[in-house]
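Given chain A's structure and the hints, the job is docking chains B and C onto it.
Residue numbers (our numbering), protein chains in the order written: chain A, 50 to 381; chain B, 29 to 305; chain C, 10 to 370.
The hints are simulated quantities; they were obtained by calculation from the structure and are not laboratory data.
It is possible that part of the hints are untrue.
Stated by the list, open to error - BS3-like cross-link-like pairs, simulated, lysine-lysine; straight-line CA separation at most 30 Å:
#1 Lys257/C x Lys130/A
#2 Lys338/C x Lys250/C
#3 Lys130/A x Lys204/C
#4 Lys76/C x Lys92/C
To be verified - Covered, in the sense of this in silico footprint (three residues per stretch, anywhere, with C-beta under 8 Å from a C-beta of chain B), are these stretches of chain C:
#5 50 to 62
#6 89 to 95
#7 239 to 251
#8 298 to 309
To be verified - Which bits of chain C does chain A cover? Going by a derived footprint, with three or more residues having C-beta under 8 Å, they are:
#9 118 to 130
#10 199 to 212
Don't be surprised by glycine CBs; every beta carbon is placed ideally from N, CA and C.
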Amino acid sequence: MSAVRENEGLAFVGQGSTWRRALSPTGNTGDAVFRVLMLGVALLMVGIVVAMVAALTADSMASIRQFGFGFLTSQRWDPVKGDFGALPFIYGTVASSLIALLISVPFSLGIAIFLVEQAPHYISRPVGFLVELLAAIPSVVYGLWGIFVLAPFLRNYIDPALASAFGWLPLFKGQITGIGLLTGGIILAIMVTPIISAVVRDVLAAVPGSQREAALALGATKWEMIRVVLVNGAPGIAGAVILGLGRALGETMAVTMVIGNRAQISPSLFDPSYTIASAIANEFTEATGDLYLSALVELGLILFLVTFIVNGIARVLVWNVTRKTGGVGRAA
Amino acid sequence: MNNSDYIRRANSAFMTAMTALCTLLAVGALLIILSHIAWQGIGSLNFQFLTDSPRPVGEGGGIGNAIIGSLVLLLLASGIGLPLGICVGVYLSEIGRGRFGGAVRFIVDTLTGIPSIVTGVFVYAILVLPMKHFSALAGGVALALIMVPIVARTTEEMLKLVPHSLREGALALGAPQWRVTLGVVIPAAAPGIATGAMLAIARVSGETAPLLFTAFGSRFFPSSLNEPIASLTVQIYNYAISPYDEWHAQAWAATLVLMTLVLSINIVVRILTRKKF
Amino acid sequence: MSVSHVSLRLLASVCAFAILVASVACNPGGGPAAGGNVSLQGAGATFPNPLYQKWLSEYGKLHTNVKIDYQSIGSGGGIKQIKEQTVDFGASDSPMKDEDLKAAPGEILHVPTVLGAVVITYNLSGVSQALRFSPDVVADIFLGKVTKWNDARIAADNPGVTLAGGNITVVHRSDGSGTSAVFTDYLSKVSAEWKEKVGTGTSPSWPVGLGGKGNEGVTGQVKNTPNTIGYVELAYAVQNKLPVAHIKNSAGSFIEPSIDSVIAAAAASAASMPDDLRVSITNATGAQAYPIASYTYILVYKDQKDQAKGKALVDFLWWGLHDGEAFAKELLYAPLPADIVKRAEAKINSITAGGTPLRQS
Numbered sequence: 050m051s052a053v054r055e056n057e058g059l060a061f062v063g064q065g066s067t068w069r070r071a072l073s074p075t076g077n078t079g080d081a082v083f084r085v086l087m088l089g090v091a092l093l094m095v096g097i098v099v100a101m102v103a104a105l106t107a108d109s110m111a112s113i114r115q116f117g118f119g120f121l122t123s124q125r126w127d128p129v130k131g132d133f134g135a136l137p138f139i140y141g142t143v144a145s146s147l148i149a150l151l152i153s154v155p156f157s158l159g160i161a162i163f164l165v166e167q168a169p170h171y172i173s174r175p176v177g178f179l180v181e182l183l184a185a186i187p188s189v190v191y192g193l194w195g196i197f198v199l200a201p202f203l204r205n206y207i208d209p210a211l212a213s214a215f216g217w218l219p220l221f222k223g224q225i226t227g228i229g230l231l232t233g234g235i236i237l238a239i240m241v242t243p244i245i246s247a248v249v250r251d252v253l254a255a256v257p258g259s260q261r262e263a264a265l266a267l268g269a270t271k272w273e274m275i276r277v278v279l280v281n282g283a284p285g286i287a288g289a290v291i292l293g294l295g296r297a298l299g300e301t302m303a304v305t306m307v308i309g310n311r312a313q314i315s316p317s318l319f320d321p322s323y324t325i326a327s328a329i330a331n332e333f334t335e336a337t338g339d340l341y342l343s344a345l346v347e348l349g350l351i352l353f354l355v356t357f358i359v360n361g362i363a364r365v366l367v368w369n370v371t372r373k374t375g376g377v378g379r380a381a
Numbered sequence: 029m030n031n032s033d034y035i036r037r038a039n040s041a042f043m044t045a046m047t048a049l050c051t052l053l054a055v056g057a058l059l060i061i062l063s064h065i066a067w068q069g070i071g072s073l074n075f076q077f078l079t080d081s082p083r084p085v086g087e088g089g090g091i092g093n094a095i096i097g098s099l100v101l102l103l104l105a106s107g108i109g110l111p112l113g114i115c116v117g118v119y120l121s122e123i124g125r126g127r128f129g130g131a132v133r134f135i136v137d138t139l140t141g142i143p144s145i146v147t148g149v150f151v152y153a154i155l156v157l158p159m160k161h162f163s164a165l166a167g168g169v170a171l172a173l174i175m176v177p178i179v180a181r182t183t184e185e186m187l188k189l190v191p192h193s194l195r196e197g198a199l200a201l202g203a204p205q206w207r208v209t210l211g212v213v214i215p216a217a218a219p220g221i222a223t224g225a226m227l228a229i230a231r232v233s234g235e236t237a238p239l240l241f242t243a244f245g246s247r248f249f250p251s252s253l254n255e256p257i258a259s260l261t262v263q264i265y266n267y268a269i270s271p272y273d274e275w276h277a278q279a280w281a282a283t284l285v286l287m288t289l290v291l292s293i294n295i296v297v298r299i300l301t302r303k304k305f
Numbered sequence: 010m011s012v013s014h015v016s017l018r019l020l021a022s023v024c025a026f027a028i029l030v031a032s033v034a035c036n037p038g039g040g041p042a043a044g045g046n047v048s049l050q051g052a053g054a055t056f057p058n059p060l061y062q063k064w065l066s067e068y069g070k071l072h073t074n075v076k077i078d079y080q081s082i083g084s085g086g087g088i089k090q091i092k093e094q095t096v097d098f099g100a101s102d103s104p105m106k107d108e109d110l111k112a113a114p115g116e117i118l119h120v121p122t123v124l125g126a127v128v129i130t131y132n133l134s135g136v137s138q139a140l141r142f143s144p145d146v147v148a149d150i151f152l153g154k155v156t157k158w159n160d161a162r163i164a165a166d167n168p169g170v171t172l173a174g175g176n177i178t179v180v181h182r183s184d185g186s187g188t189s190a191v192f193t194d195y196l197s198k199v200s201a202e203w204k205e206k207v208g209t210g211t212s213p214s215w216p217v218g219l220g221g222k223g224n225e226g227v228t229g230q231v232k233n234t235p236n237t238i239g240y241v242e243l244a245y246a247v248q249n250k251l252p253v254a255h256i257k258n259s260a261g262s263f264i265e266p267s268i269d270s271v272i273a274a275a276a277a278s279a280a281s282m283p284d285d286l287r288v289s290i291t292n293a294t295g296a297q298a299y300p301i302a303s304y305t306y307i308l309v310y311k312d313q314k315d316q317a318k319g320k321a322l323v324d325f326l327w328w329g330l331h332d333g334e335a336f337a338k339e340l341l342y343a344p345l346p347a348d349i350v351k352r353a354e355a356k357i358n359s360i361t362a363g364g365t366p367l368r369q370s
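Next comes chain A alone, as it looks inside the complex (with noise of 0.2 Å):
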């Protein structure tokens, strides 16, 4: 065994201790000091997530031990009177980085499939970069814009046809400001765009052009070879969209300047809602007092804990479609 996979130059080293042999499958020296460096920086990001985690907890204990599990169904948050509740954040995160996915999603790939499919190169490469350009806006910027051109704009526009049209639906009955879940969802879109499209770019770039040339040569039509290669690409696809759904789950700036920071439940898109990113950036600095910090922090080991659930979920849907699917793509 040893015989044919030689160690480069690291003779003296003694060949074949349990040990080394055990941190690499090929006994190699390299390969084991490679495989511990990289298992030590992982286990060193768990370490840091873990840590988090604890700090925390530990930080919003005086909070779980006042409210316990009633933090997560009350929907009352007063800091003057010393009562929180998480309920009315959770709704609101969710459903705005809902929102944002279900509008960014189909555009994200569309541009994608536009750009690596159908553009020619000279039109790709210059729009990529625009596209990706997106994500260079500093939130603050987004939520400025979001103030004084998007909101006017959905008021005065969108917003009354969306009420004329869809009016019997709760979702869209009720007052227009402008100002709402409705209008953060948007934003959050815009900005979680640039992210998913460039990946899934990648992901479909790297789609091997066998694929392609199979399906084109069975008789498929563009559209159907395109969703051939989209098939393909589905997991990565899929951590292109988790990777967007985190920076919506933890948007701040300009989510708290145009959804109305009101923490409240309600089915209407127009209302005014209150994600927890937003909450605890609004009142972390200013936020004296024992309790009150230690229910800001609960909140966000409460992000902490949707973050795991959605990407959970996630992952279950990921594995459906990769094991029916057959896992092909990974061809040579």
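The following block gives chains B and C in isolation, referenced to the frame of chain A:
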């Protein structure tokens, strides 16, 4: 050709048009936002604005120290975050298999969803409070922590997309796994990894909240990593929330500068990692 | 071939940038360096930020060896950081509470610097002149009990003004802020129902309305959304040319918020100012007093740890209270009345380092 062929073709043409429309809308949105920023801020862009430090309202002033500060913070963050992120990505793709790898991947995914302000508060607790002062170092660490999961996940996805034939070919030639990874797989995925790096850099270059707790902000040009440091985002934020039109115009102009900065880094990295074959 | 090219080029550029970083990093930082240079760090309220920036710039011209920095992170942030001793001085619109003072590692002094006003601003089409509001009407609007612009009580305060019949949309602060603290303090004084239902605080639980982030957020929402009413610092309303309401004070007159009416509010309560200078001057007595005014304070430790820094700090504060006040009016802040300046001087004179006062008065 029968009817269903016509339908399929029409469908295909329709979808082509739809994807073109999506791209058009995205580019349109960008142009609308950019033109708004430019319209508001171009008036304040001049040499003095780019080199001077901030002054009280009514006296002009500039963002010179903020530009240097942002560059320093980005370098610090990239210096810490890129290697860490790529290493984690390499681990997830090449080494970590099965349950443990899955658990690590899951944890890294969760890290992407943490609001940047929570990361900032965490770094505040572990770096700023013990040191009893704010510092550029703390700011760099906070930004690096935000970068790592983005870089790690995109690196992993890009590495996984490298065909196995490449790896097997190198292994068959007798190279150990680490050489295969470093010498063959990573360069093959380099443009994709660069995308991940660019996304991460673009993301943290627009971050304000974590810097408020760590790097803090400063009126002066940076002289040490151990002191608070100015940054474009914090400066933009401070100006944007003030009541003065003059400062608002400076905020928009600073946004233009920030986006140019990120675009240049983007171009430079792309040039450095483009495939020569 | 691509292996060495890519990695070499990357390596080269990383090295180049690392050199840049290293050159910036070669100074050890923080605190007094060689040559008698002193660095001070302050943080806190956003409201006086423009004035403090002016002070720091002017003072820096006179004393080039003193580098003072101030970052506006909010009153609560200022209180937190001074308690943690990560800054040399804090700043807050509302004075620190007793429990915060007890929790601090040393005695903290409140030094008032300037005064400001919280104004009611609104966006109502067809109304260009200033509307007048009685305190109970203001409270009931923010409680959600008065919901229409043409409500009889608003009309009673504004004879001869045609009020449109739209719904009132309240805009308040979503972030914790000294401005909210001052405004709710006023509302608690004029409305028993407000005091019981909501109370005073930097982040009260508003019964109705949209939340805007920062004074800027509220200003933006009011400016861009019709039929809104909100509260902001005076400078924001003036700079954005928003209408400003006249509020009835405790003497019964409708007062326009202005520098003079704010000074009147301070002067009226100067006599009853407690020893530690922590006071609320909302709903002040005085014929010309504007009812929603407040001091803003700088927070310093009575006993300074560092002799050089402490001396620089007291010198700066002394300069601010005297020469600095001259810059207040043009930036729309109200300078302190003379007797308050005297009381603040006494506070500054009491600051010590290791037991000995830093100022020889």
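A quick look at each hint next to the structure:
1. Lys257/C x Lys130/A: 29 Å, holds
2. Lys338/C x Lys250/C: Given pair Lys338/C, Lys250/C holds - Cα atoms ~18 Å apart, limit 30 Å.
3. Lys130/A x Lys204/C: 11 Å, holds
4. Lys76/C x Lys92/C: Distance of about 22 Å is within 30 Å: holds.
5. 50 to 62: Contact hint for the region 50 to 62 of chain C vs chain B: holds, 6 residues under 8 Å.
6. 89 to 95: holds (count 3)
7. 239 to 251: holds (count 6)
8. 298 to 309: violated (count 0)
9. 118 to 130: With 0 residues close enough to chain A, the hint is violated.
10. 199 to 212: Since 6 is at least three, the answer is holds.
Hint compliance for this structure: hints 8, 9 are broken, all remaining hints hold.
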